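Peer 1: Chains R and U are the protein sequences, given in the same order.
Quick note: the first sequence uses the working numbering, first residue 503, plus one each step.
Quick note: the second sequence uses the working numbering, first residue 503, plus one each step.
Calculated directly from the structure, the hints in this document are not laboratory data.
Be aware that one or more of the hints could be misleading.
Same chains, same names: a pair is fine if it fits in one copy or spans any two.
Subject to a maximum C-alpha distance of 20 Å in a straight line, what follows is the list of computed DMTMM-like cross-link-like pairs (lysine to aspartate or glutamate) [to be verified]: (1) 580 <-> 551; (2) 607 <-> 566; (3) 552 <-> 525; (4) 592 <-> 609; (5) 564 <-> 525; (6) 611 <-> 521; (7) 590 <-> 610; (8) 538 <-> 576; (9) 572 <-> 609; (10) 526 <-> 560; (11) 607 <-> 593; (12) 607 <-> 521; (13) 611 <-> 593.
Here the structure is a predicted model, which is why all the values come from computation and not from measurement.
There are 2 protein chains.
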Amino acid sequence: MTHNSENFRSNCPINFVLETFGDKWTLLIVRDLMFKSKQYYGEFLKSNEKISTNILADRLQKLESSGVIKKAMDTQNKSKVLYSLTDKGKDLLPIMLEITSWSHKYDDKTNVPENFIKALSTNRASVISQTLSKLK
Amino acid sequence: MTHNSENFRSNCPINFVLETFGDKWTLLIVRDLMFKSKQYYGEFLKSNEKISTNILADRLQKLESSGVIKKAMDTQNKSKVLYSLTDKGKDLLPIMLEITSWSHKYDDKTNVPENFIKALSTNRASVISQTLSKLK
DNA sequence: CTAAGCACTTGTTAAATGCAAGTGCTATGA
DNA sequence: TCATAGCACTTGCATTTAACAAGTGCTTAG
Chain R
503 MTHNSENFRS NCPINFVLET FGDKWTLLIV RDLMFKSKQY YGEFLKSNEK ISTNILADRL
563 QKLESSGVIK KAMDTQNKSK VLYSLTDKGK DLLPIMLEIT SWSHKYDDKT NVPENFIKAL
623 STNRASVISQ TLSKLK
Chain U
503 MTHNSENFRS NCPINFVLET FGDKWTLLIV RDLMFKSKQY YGEFLKSNEK ISTNILADRL
563 QKLESSGVIK KAMDTQNKSK VLYSLTDKGK DLLPIMLEIT SWSHKYDDKT NVPENFIKAL
623 STNRASVISQ TLSKLK
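Using the sequences provided together with the hints, build the complete structure.
Peer 2: Rendered as structure tokens:
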């Protein structure tokens, strides 16, 4: 969905991210690409949250058309499709890190490695560069 | 929704915020409280995105039960209800600011004052303290 | 050439949303 | 004090979206 569509709601920056990420599933795909080194359709399906196949297909297509992810053919296996983050997708990292901090603070069930939390508060820049470097 | 409910999906921090904010409306209420000095039901209804009354009532109740906002009686007018952010809600500010930066970068229709964007990149701490100070 | 894996599609049922109208308080003015 | 209006919701119903199970078509491995 874009601001040009018939579903246009406002010019607000908060609203803009909601138009792309305002559901229960889309950001989980970004998470899997960004932090869990997943890149195949079948890998996204295996996440704990158990996304259904039609919703996954729908969200992958929407993320691609909004320029957050891109598709590529797996050069090793032509029946496989490789998904990856674009620069626009990688730029979501600061948002993801703030979300992680907030959840760590307010949800005692949230499971984030303690050294990641510590690095985040003491050396945020290197957390960012290390995370991005793994995305090649 | 909490991690104890029957809808539990995972212990992931990204999933945790999606359980509360994973829809098209909830975060707009937080935005209105945080940046637009709104505090009444009728004020939220007037936002550009045009939330419907039943959805607004539902989201206000969910935000209250998740501890992000709190209700109070208006001391001037007993027929009015005052909504405000809790500390947990105010702690969403860094997330909101990162969202604002991302949308400003990737959506040319997004309308954020240029001096706010500039302050955000050069003096983030003071943007935070000034925003919070207006929330009393 | 057959079987299995992978990335989706399709169909149906269940849930969430959008819209219009209504309800029950409180305040205000004649 | 009694009618009117404002405010914060509720309710009912039509439409849209999501969940679940099953199926399809292409690719590759044996």
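Peer 1: Give a verdict on every hint.
Peer 2: Evaluation of the provided hints:
Taking the shortest alpha-carbon separations for residue 580 and residue 551, neither the intra-copy value of 28 Å nor the inter-copy value of 44 Å comes in at or below 20 Å. Only between protomers do residue 607 and residue 566 lie at most 20 Å apart by alpha-carbon distance; the minimum there is 18 Å, versus 32 Å within a single protomer. In this assembly of identical chains, residue 552 and residue 525 lie within 20 Å of each other by CA distance both inside one copy and across copies; the values are 15 Å within and 18 Å between. Taking the closest pair of Cα atoms, residue 592 and residue 609 come within 20 Å of each other only across two copies (16 Å); inside a single copy the shortest separation is 25 Å, beyond that limit.
In this homomeric assembly, residue 564 and residue 525 come within 20 Å of each other (Cα to Cα) both inside a single copy, at 12 Å, and across copies, at 16 Å. For a Cα distance limit of 20 Å, the shortest separation of residue 611 from residue 521 across copies, 13 Å, qualifies, whereas the shortest one inside one copy, 29 Å, does not. Taking the shortest Cα distances, residue 590 and residue 610 sit within 20 Å of each other only across copies (14 Å), while inside one copy they are farther apart (31 Å). Taking identical chains as interchangeable, the C-alpha atoms of residue 538 and residue 576 lie at most 20 Å apart only when both belong to the same chain, with a minimum of 18 Å there against 48 Å between chains.
Taking the closest pair of Cα atoms, residue 572 and residue 609 come within 20 Å of each other only across two copies (18 Å); inside a single copy the shortest separation is 33 Å, beyond that limit. When the C-alpha separation of residue 526 and residue 560 is checked against a cutoff of 20 Å, the pair qualifies both within a copy, at 13 Å, and between copies, at 17 Å. Only between protomers do residue 607 and residue 593 lie at most 20 Å apart by alpha-carbon distance; the minimum there is 10 Å, versus 23 Å within a single protomer. For the homomeric pair residue 607 and residue 521, the shortest alpha-carbon distance between copies (16 Å) is at most 20 Å, but the shortest distance inside one copy (27 Å) is not.
For the homomeric pair residue 611 and residue 593, the shortest alpha-carbon distance between copies (18 Å) is at most 20 Å, but the shortest distance inside one copy (27 Å) is not.
Hint 1 from the earlier list is the only one contradicted by this structure; the remaining hints agree with it.
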